[in-house]
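Sequence order for the protein chains is A and B. Here this note's numbering runs 137 ahead of the position in the first sequence, where the first position is 1. Here this note's numbering runs 68 ahead of the position in the second sequence, where the first position is 1.
Think of the hints as simulated: they come from the structure by calculation, not from any bench. Treat the hints with care, as some may be off.
What the hints assert, rightly or not - Facing chain B, a subset of chain A residues (Cβ under 7 Å, in silico):
(1) V193
(2) G205
(3) I208
(4) I211
(5) P213
(6) E214
(7) A219
(8) L223
(9) R229
(10) F231
(11) Y245
(12) A246
Unchecked claim - Sample of chain A residues lacking proximity to chain B, with all beta carbon distances greater than 10 Å (derived):
(13) E161
(14) S164
(15) S178
(16) V217
(17) E238
(18) E256
(19) A258
(20) V264
(21) P269
(22) I317
(23) R330
(24) R358
(25) E362
All residues carry an ideal CB built from backbone N, CA and C; glycine is no exception.
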Amino acid sequence: MTEAREMLRVEKVSSGYGHVGVLEGVSIHVMHGEVVTLIGSNGAGKSTLLKTVAGVLSPTGGSVVFDGRDISGITPEKAVEAGLALVPEGRRLFGSMSVGENLELGAYARRRSRSFSSEFAEDLEIVHELFPVLGERVDQSAATLSGGEQQMLAIARALMSRPRLLLLDEPSLGLAPKVISEIFAILDRLRSRGVTILLVEQDASVALRHADRGYVLRTGRVELEGTASELLANDDVRMIYLGSWKKSVSGT
Amino acid sequence: MRSSGYKRFVWWLVASVAVMCVPFLTDNGFMLKILAKDVGTNALVVLGLALLFGYGGQVSLGHAAFIGIGAYTSALVTMRFELPWLAGVAAAALVSAAGGALLALPSLRLRGHYLAMATLGFGEIMHIVFREATPLTGGFDGLRGIPSVAIGGFVFKSPESIYWLVWGIVLVALLLAYNVVALRPGRAMRALHGSELGSQACGVDTVRVKVQVFVVSAALAGIAGSLYAHVARFISPEIFTLHRSVILLSMAVLGGTSSLAGPIVAAVGLSILKYVDSFVPGMPDAASTFLQDWELDIYGLTIIVVMLFAPGGIGGAFRSLRQRFRKKAAPDPEGEGVSAA
Ligand SMILES: Nc1ncnc2c1ncn2[C@@H]1O[C@H](COP(=O)(O)OP(=O)(O)OP(=O)(O)O)[C@@H](O)[C@H]1O
Ligand SMILES: [Mg+2]
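Please model the entire structure based on the sequences and the hints provided.
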């Protein structure tokens, strides 16, 4: 177990919007190479937690440690430089810009690095290999992509920053089941390449089937945690979050 | 992208020729002077506010103060130090920009809408300074006998020359703004315009971009202030009030966030309201008095109507008209990026 190093430790973090507290002492951790999922119902604070880790929100208490370095209250641009990449809920692409320009902006934080242009070309190749559709649509404006393509572009844009930890917020939002499985197939490929992922999902059954471990968030607190299989077998989880799970199992 | 930039340039050129031809159509010098001194300088300030609102998502309730800072700075530089107008306008832009940076840096570092509040307070404080710093500003009485604009040996005295000077500066500023927004250095700005969270996720320093845009808008107001001071040749604190700031902001909001020409059109339309009697010759006194008395209410009403029926402002309305005309759905380049749900 010596080689399993900790990548992210969120320790008793409180956070929210202005005077509205949302998270109340949340503690989670993510090891190198792990896929960890956060599940919980609407308004539980999942997006708030990701935004706090990504520096978009400052924690009002507790600490965020990334690769051994305390990054609590870091600015979003420093977080990207440190190797954290957020794929926000609802994609948040630059709609009037082309696919190519969106990818270019994904690499914005590394624009001053000395070997930038060669690295950029490499990354672009990797991204096009992972998402061939995007390669075909480089000059198309992001707003005219289908929902699935937009989600792929949002993930691709995040990968362009060469993240060490990918923070994915509800990649399945608003997508058809077939497209969702395409997206998760890509996440599996990223995982097999050793990319560390913290994944927020509404659809707990999909999330847990693609993760190593998970946390259940409820009204700003961690209610349950465990390996993916433990959570899948947990009665509470099955009742509250996997309402459709039994059906999908009996269906196959 | 490139071809739309070219089309925009052609539009700019056509509009510029039209604007610059106005002095040939009238010999009403009084009107030309108003179009320069009041309408043109407002348009310059509103251009900055439109950048701030559209690209930085911020509003300022204190831009009259930056106009004032520019006006007093320029007047002092030319009167006390007897330097040429170009030195005055440069100083005006610099001092206003510095004031803008001092105000924006601390208030934008805090997350939340502190800048609007800070500008409101700043505007009020500067109004008091203009009134009370009598040795510098002449207090209530203001400053008289400010020299006319002069470049090299040429003195801008005739209404035509003043009109061309002011509108020339407005049009060049518009062209520069288009280019900054469209070219590579402006991509962080465009990203912020597209989606704030999206640009943060890409590592764009959104605070820095907002401060930069605010500083630019303050500098434009400073230049407008210098132009005003040297054309009117008289300034006093009552020209740089909260009332003025609110009207300027309304013009920017009315113009919409999707274009820069829209806010300028709004600035012209609403600035003329006050002088409607001299622009529409046959207008009955009662009608023009009514329009002037209800000026502020008309602004308010216009904004409400725009918010209800044309949320994209004048720029947005033009865009949708054009799209309807072409019967082709083009993506809406506005809003908080492309989102699901
Ligand atoms: N920008 C905001 N300003 C104020 N309150 C907010 C903001 N965003 C979210 N909240 C509040 O914070 C709480 C948690 O929201 P959050 O978005 O983190 O939930 P979530 O778990 O991601 O939910 P969902 O599954 O619906 O995305 C909610 O009560 C929400 O109303
Ligand atoms: Mg959420």
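Evaluated hints:
no.: 1; hint: V193; verdict: 5 Å, holds
no.: 2; hint: G205; verdict: 21 Å, violated
no.: 3; hint: I208; verdict: 14 Å, violated
no.: 4; hint: I211; verdict: 12 Å, violated
no.: 5; hint: P213; verdict: 4 Å, holds
no.: 6; hint: E214; verdict: 5 Å, holds
no.: 7; hint: A219; verdict: 10 Å, violated
no.: 8; hint: L223; verdict: 4 Å, holds
no.: 9; hint: R229; verdict: 3 Å, holds
no.: 10; hint: F231; verdict: 4 Å, holds
no.: 11; hint: Y245; verdict: 5 Å, holds
no.: 12; hint: A246; verdict: 3 Å, holds
no.: 13; hint: E161; verdict: 20 Å, holds
no.: 14; hint: S164; verdict: 24 Å, holds
no.: 15; hint: S178; verdict: 16 Å, holds
no.: 16; hint: V217; verdict: 3 Å, violated
no.: 17; hint: E238; verdict: 7 Å, violated
no.: 18; hint: E256; verdict: 15 Å, holds
no.: 19; hint: A258; verdict: 18 Å, holds
no.: 20; hint: V264; verdict: 14 Å, holds
no.: 21; hint: P269; verdict: 21 Å, holds
no.: 22; hint: I317; verdict: 12 Å, holds
no.: 23; hint: R330; verdict: 21 Å, holds
no.: 24; hint: R358; verdict: 24 Å, holds
no.: 25; hint: E362; verdict: 26 Å, holds
The structure shown violates the earlier hints numbered 2, 3, 4, 7, 16 and 17.
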